[in-house]
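Number of protein chains: 2
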Amino acid sequence: MKSEQLVIGIDIGGTNLKCVLMTAKGKILNLRRMPTEAEKGRLKILSNIKEIVWDIIRENKLKKKDIKGIGLGTPGYILHGKIFGSPNTPGWNNTPIYAWMKKEFNLPFFAANDVTLAALAEHTFGSARGVQNMVCYAVGTGIGGGIVLNGELFEGTQGMAGEFGHVVVEPNGRLCGCGARGCLEAYASANGIVSMARNLLRTKRYQTSDLLKKTRGAHAALTPKLIYDRAKAGDKLCLEINNTVCKYLAIAIGGTINIFNPDMVILGGGVMSAGSIIMEGVRKFLPEYTLAQPLKKCRLAYAKLSENAGVIGSGALALRKTGLL
Amino acid sequence: MKSEQLVIGIDIGGTNLKCVLMTAKGKILNLRRMPTEAEKGRLKILSNIKEIVWDIIRENKLKKKDIKGIGLGTPGYILHGKIFGSPNTPGWNNTPIYAWMKKEFNLPFFAANDVTLAALAEHTFGSARGVQNMVCYAVGTGIGGGIVLNGELFEGTQGMAGEFGHVVVEPNGRLCGCGARGCLEAYASANGIVSMARNLLRTKRYQTSDLLKKTRGAHAALTPKLIYDRAKAGDKLCLEINNTVCKYLAIAIGGTINIFNPDMVILGGGVMSAGSIIMEGVRKFLPEYTLAQPLKKCRLAYAKLSENAGVIGSGALALRKTGLL
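Line by line, the protein sequences are chains A and B.
Here the first sequence stands for residues 1 to 325, where the numbers follow this note's numbering.
Here the second sequence stands for residues 1 to 325, where the numbers follow this note's numbering.
No lab work stands behind these hints: they were computed from the structure.
Warning: the hint list may mix true and false statements.
Identical copies go unnamed one by one, so any copy, or any two together, can satisfy a pair.
Here are the computed lysine to any residue pairs in the SDA-like style, where the Cα-Cα straight-line distance is at most 20 Å [claimed, not checked]:
#, residue 1, residue 2
1, Lys296, Phe84
2, Lys236, His219
3, Lys284, Glu170
4, Lys284, Cys178
5, Lys296, His80
6, Lys82, Lys297
Computed from a prediction, not measured in an experiment: that's the story for all the values here.
So here's chain A without its partners, still in its complex pose (with noise of 0.2 Å):
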């Protein structure tokens, strides 16, 4: 192994701290997860990194200059080596995440938000392997995204481009959590598939639903894996919401075409498992919404790399950063 350009990456989930050892073509040689702990605060979130790393590292039999990178994704930006914008990871907000690896491992080190780095890895060994152009929506809890221009990861000014989420669909529409009105978030992530759920249950319209049978009326136990389950066994207020999120979906990704005229857009996360359902359905509402010739260019695909596309896009940028890919 002594001869093989290795590079460590690290994802910061808000449930799971992930660690991978990667070759310079991309072939796993380690996975290890673990709490991340982030209701701890930042003290234990650096420790757990430095247990994660460390243990990598000795399982493998390696020495520290065996490891030219290492990546980190995290939620929120990195702006002057410091974190931020991390809403659900208390206290990891202004982690000088830069400075404290440096101290800590003295290895080259490069961070980015988690998203933007799942598409990175769509793009390096993923759905999207050697497109020019793509972008990527992570649809889940909320919707996030990555962006690869030329080839190389658009970060934007302050590391927090591809917002995808919060781009307004429907103007004085839903409000979402931001606190805006009608973002595409506040319609077609999780928590907006569920909410609406909620909304059309208290409808007389819906009062006979199946979906309240399936719940037994309990609008807590209400999830996007159980809305879709009912959609696709015909359920009409299921399928009323599934028209919504894919005519959201296909305004906002429509709009991402035209504004990019990109090779191809990913779809992700953990909402895009109902399948075909949702990818159907966004096609089928694409023409509305977007330029004849840039959509004829641009193929619509889902993403390949699912749980661990985060941490595949740390190792990535680590190899992308270190110029061994």
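Start from chain A and add chain B according to the hints.
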């Protein structure tokens, strides 16, 4: 003049053909214009290009070898050396412009969309000089755009990037010239503004509008300039139109800021000559449609180079592509 590094820029407008002789520092030594005569077809346009370029070479007592490169801006987009998607210049589509220019001048030649080049001009010599990431909205008869990322023109996979005018800002909204509904262009372009005014004048509410008196009842006489003059004078109908224009511009621009996290958004084009009544309206609406952090970072500014931005951008393209700048 012999020792100077010179380039030529050409801009093919619907009405005028412009040609500029420019130094590497962007100094304009000569700017000529003549009618494009687009209605006479491709061969006439080409022979006019030939004439204007040779005129500028002769008049400045240059030899062909003094010219380091030629840039050209055209409606539509360039793919495989040919022009496509240029609806208002009959016969111009499919013109093998690269092959023709090589045969005619045999000088390094580069072409791109005219609005995209106006953005490049603003980045190279105008309001966004030296900025890392910027997007430019050209709000004229229609609405186009240009994108400069990491200091370089971003053109998309087929050279069609930056179609901000056809981003949908109102689902099921006003019909746009492109056939879709609710495009930004259907609200905030010169055509959109005039069309909205016509519709409002047909409603009972505005039978006594000042605007009707000014046009002596002839809807055909409506122009954005007239509408904005009346808006500034306090006419309610015209203020309502401006409110709509600013709101939809803010939705589109806010989306752009969320997507690109840019340093700057530039607004240019004929409609923007109305000035602060639009600019301040957009500023007022932007926080409703944009994440706070990227909005704070982004400057909103007028384009500086006005009607010559396109031809200056063509020169800038030649300067950049030949490595002079």
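Now the hints, each set against the structure:
1. Taking CA atoms no more than 20 Å apart as the test, Lys296 paired with Phe84 passes between copies only; the shortest distance there is 14 Å, against 38 Å inside one copy.
2. Taking CA atoms no more than 20 Å apart as the test, Lys236 paired with His219 passes inside one copy only; the shortest distance there is 17 Å, against 47 Å between copies.
3. Taking the closest pair of Cα atoms, Lys284 and Glu170 come within 20 Å of each other both inside a single copy (19 Å) and across two copies (18 Å).
4. For a Cα distance limit of 20 Å, the shortest separation of Lys284 from Cys178 across copies, 18 Å, qualifies, whereas the shortest one inside one copy, 29 Å, does not.
5. Taking the closest pair of Cα atoms, Lys296 and His80 come within 20 Å of each other only across two copies (17 Å); inside a single copy the shortest separation is 40 Å, beyond that limit.
6. Taking the shortest alpha-carbon separations for Lys82 and Lys297, only the inter-copy value of 17 Å comes in at or below 20 Å, while the best intra-copy value is 39 Å.
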